[in-house]
Amino acid sequence: MYEKEFILVEGKKMTLKELGAEIESIIGKPVVDILGSPDRVVVKKPAPEQGFETFNVTYQVDDSRDFISGVVTTKNKKKLEKYDFENESFKVRLLSYNRRDAE
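For the sequence shown, my numbering assigns the number 39 to the initial residue and increments by one for each residue that follows.
Just to be clear, a hint being listed does not mean it is correct.
Claimed, not checked - Listed below are the simulated DSSO-like cross-link pairs for lysine-lysine, each with C-alpha atoms no more than 27 Å apart in a straight line:
id : residue 1 : residue 2
1  : K117      : K51
2  : K50       : K113
3  : K116      : K129
4  : K117      : K67
To be verified - Label-pair restraints from in silico Cβ distances:
id : residue 1 : residue 2 : range
5  : E124      : D100      : 30 to 40 Å
6  : Q88       : P68       : 32 to 42 Å
7  : S75       : E41       : 34 to 44 Å
8  : K115      : K42       : 19 to 29 Å
9  : M39       : R131      : 14 to 24 Å
10 : G66       : K115      : 19 to 29 Å
11 : Y40       : K117      : 20 to 30 Å
12 : N114      : R138      : 29 to 39 Å
It should be emphasised that the hints constitute simulated quantities derived from the structure, not laboratory data. We put the beta carbon where it would ideally sit given N, CA and C, even for glycine.
Based on the provided sequences and hints, a complete structural model is requested.
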């Protein structure tokens, strides 16, 4: 639905707030929480020495069941509490619009 616009954001480094604002600008609608809802991806990486951590971030579209899911990465830290989801910059790897409302 917004693939052409999302591709322009993928690969950039930004805070989750900046990503939320970018998503709002692309879809033309507000999201419920500008910081999104980050969840840690716990998987066995093929190369743990790469030193990055992966998170899924979900942005719920306001007044809709639709949501945007994103995959972001940042430098690896020893504890989950050390990640600053409000101020830290993340590299946007993938964005996708998930449609739940029927027209």
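Status of each hint after checking the structure:
no.: 1; hint: K117 / K51; result: 22 Å, holds
no.: 2; hint: K50 / K113; result: 15 Å, holds
no.: 3; hint: K116 / K129; result: 19 Å, holds
no.: 4; hint: K117 / K67; result: 35 Å, violated
no.: 5; hint: E124 / D100: 30 to 40 Å; result: 20 Å, violated
no.: 6; hint: Q88 / P68: 32 to 42 Å; result: 35 Å, holds
no.: 7; hint: S75 / E41: 34 to 44 Å; result: 22 Å, violated
no.: 8; hint: K115 / K42: 19 to 29 Å; result: 34 Å, violated
no.: 9; hint: M39 / R131: 14 to 24 Å; result: 19 Å, holds
no.: 10; hint: G66 / K115: 19 to 29 Å; result: 35 Å, violated
no.: 11; hint: Y40 / K117: 20 to 30 Å; result: 35 Å, violated
no.: 12; hint: N114 / R138: 29 to 39 Å; result: 33 Å, holds
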